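> Could you fit the two chains together into a complex? Lean on the hints.
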Amino acid sequence: MRRLVFALVCLAAFSLGFAREAAPLAQDEAVEKRMVTISEELRCLVCQNESLAASRADLAQDLRREIREQIGQGKSDKDILEFMVGRYGDFVRYRPPLKGTTFLLWFGPFLLLVAGVAALVIVLRRRGRRVTATTLSAEEQKKADELLQLAENDKP
Amino acid sequence: MNRFLLPLGIFIVLVAFLAIGLNRDPREVPSPLVGKPAPAFELPQLHRTEAKFAPKDLQGKVWLLNVWASWCVSCRQEHPILVELAKSGLVPIYGLNYKDQRADALKWLRQFGDPYALSIVDAEGRVGIDYGVYGVPETYVIDKAGVIRYKQIGPVTQDALEKTILPLVKELQK
Chain A
342 MRRLVFALVC LAAFSLGFAR EAAPLAQDEA VEKRMVTISE ELRCLVCQNE SLAASRADLA
402 QDLRREIREQ IGQGKSDKDI LEFMVGRYGD FVRYRPPLKG TTFLLWFGPF LLLVAGVAAL
462 VIVLRRRGRR VTATTLSAEE QKKADELLQL AENDKP
Chain B
5 MNRFLLPLGI FIVLVAFLAI GLNRDPREVP SPLVGKPAPA FELPQLHRTE AKFAPKDLQG
65 KVWLLNVWAS WCVSCRQEHP ILVELAKSGL VPIYGLNYKD QRADALKWLR QFGDPYALSI
125 VDAEGRVGID YGVYGVPETY VIDKAGVIRY KQIGPVTQDA LEKTILPLVK ELQK
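Each protein sequence line maps, in turn, to chains A and B. If you're matching positions, the first sequence starts at 342 in this note's numbering and goes up one per residue. If you're matching positions, the second sequence starts at 5 in this note's numbering and goes up one per residue.
This is chain B alone, in the form it adopts within the complex (with noise of 0.2 Å):
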């Protein structure tokens, strides 16, 4: 009986690291970013082509920058819940149009409705180069220093939403 328990046992502990290996996400590499300044950048908007935007604009305040593209069909998936969230008003949504079209993402907006405070354009996706994007979408926690304090790889889900997003906007805003 006993020669058997040690063959169990590495068994066992094979079993484990199989099941937690395999019930993670490969796509999810974890971002460097996390923890660093914002990279800097001076975009032009979306809607208004002639004005400019730059992260440090934003310096004082927690927001989102969420990257997202009317070819890209995980958006869709996300959008209704932007779309909520920008409603409660808790947090404003800043959006990085990435290589996209410009007619193509206005119609994605008047269709789908537009979350965003303002959206800027990257239509070389030199700026998604240096946020570490490879994804789309994507979106950053930026808080009031202008530092990245998470990123969520894929749409935004209502659960990642609730349990890591919010409060963790809610800790910054403080």
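With the rest of the complex left out, here is chain A (with noise of 0.2 Å):
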């Protein structure tokens, strides 16, 4: 029976969170995809790991009725990506764009995996190289099977 009260309490705190997030979504339909599309594409600064379209946070908000905004004033969305990096730099963009600042951030683990897979290579040809020099040529051979012949002679 608590528990079931417990679950029953969860529910309606989450309800209840989620009727008061969805309050602006339900004015203009195409313009609140277009927002979302957009925000998607954009970090929100105060939690760094969250989009600006998952974001809670008061910046976020803003910054999304601010795309809204724009949206109705007819800008295309390379416009409204435009401003936001004007303002908060190529950070809040996570598919950042492709220059000389972040030559390291596009290329740094490909040239990472090409360095690993060509040491890779030398050490594997290393190795192959050391196995092929041991075999033994005919002499040596007599020469080994006597010294084996020896040791068995020595055994007590």
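Calculated from the structure, these hints are not laboratory results. One or more hints might be untrue.
Said to hold, decoys possible - Result set (DSBU-like, lysine-lysine): computed pairs, CA atoms no more than 35 Å apart in a straight line: (1) B/K103 - A/K419; (2) B/K40 - A/K416; (3) B/K178 - A/K416; (4) A/K416 - B/K56; (5) B/K148 - A/K416; (6) B/K178 - B/K155; (7) B/K40 - B/K56; (8) B/K103 - B/K148; (9) A/K419 - B/K40.
Note that the structure is a prediction, hence the values are computed from the model and not measured.
Next up, the structure:
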């Protein structure tokens, strides 16, 4: 019984939370959809690992309002992204533009991958050479057999 | 022995990178506005609501724009430093009262002292967006030509004031 009450309270709390968040969404579906698409591309600077679309921070709400208004003014998605980057820098974009300062960000992982593969190839080649060097010529084989025989004879 | 040198070298480089990375504050995002003209605005003043203020009123002066709010906890941390700075008269501080209630803001200034030449009211945070404000308090150093020369993100510390802000202000006032 207590569990049931607890579950109901949780459910009520959840539905309340959703009800409050959903309020501004109902106005114009097309605008809302575009706003969400744009804001999913943008990082919320207050809680940096959330997108502007997902964040509940005050600033995120203001910026969503700003995006909504700019859509209303007929601005293109590109204009709106530029507006945000002009104020908060490339960092607000989850997919920053390709340029000098972001070169390492885009290609660093691939450079590391290439370096890793190169290192692996070099190590494997060296190891391969070591293995082939251990085969014996007929003469060496004969000598080894003799030595082994000697060792056998020495045994008590 | 030699075969351990390369992995050890790579390890040391990795540790160095991690040490630098972990000691940097991820909340400090460099502002693209540094080096650009301070965005124009015209907003009512906090004390005299009928009077307006615009950054162009301060052409020819070096000044600080400090974004503050009564609800902002770290603002209390920097406030005594700003009050001291205002007393020294080295540089005028203008306050941008960001997304605040007027009564709360006035009470806050009475309680902790008012270091501002004047405060302006940005009730909806629109000017804040133009200035790329994302974490109050923030402080901008604006030069005689109205260009933003530096942005302090988070509270102004004694250290930041003495090592960065004041030397820059002196340089700009020349």
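> Each hint: holds or not?
Right, here's what the structure says about each hint:
1. With a CA separation close to 28 Å, the supplied pair B/K103 and A/K419 stays within the 35 Å bound.
2. Of the pairs offered as hints, the one joining B/K40 and A/K416 holds, with about 23 Å between alpha carbons and a cut-off of 35 Å not exceeded.
3. Under the criterion of a C-alpha separation no larger than 35 Å, the hint pairing B/K178 with A/K416 is inconsistent with the structure, at around 43 Å.
4. The hinted pair formed by A/K416 and B/K56 meets the criterion: a straight-line CA distance of about 30 Å does not exceed 35 Å.
5. Restraint check for B/K148 and A/K416: the C-alpha separation of about 34 Å stays at or below 35 Å, so the hint holds.
6. Straight-line distance between C-alpha atoms of B/K178 and B/K155 comes to about 20 Å, which keeps the hinted pair within the 35 Å bound.
7. Straight-line distance between C-alpha atoms of B/K40 and B/K56 comes to about 23 Å, which keeps the hinted pair within the 35 Å bound.
8. As the CA atoms of B/K103 and B/K148 are separated by approximately 28 Å, the hinted pair is consistent with the 35 Å bound.
9. Between A/K419 and B/K40 the CA atoms are separated by roughly 21 Å; this keeps the pair inside 35 Å, and the hint holds.
Against the hints set out earlier in the document, a violation occurs for number 3 only.
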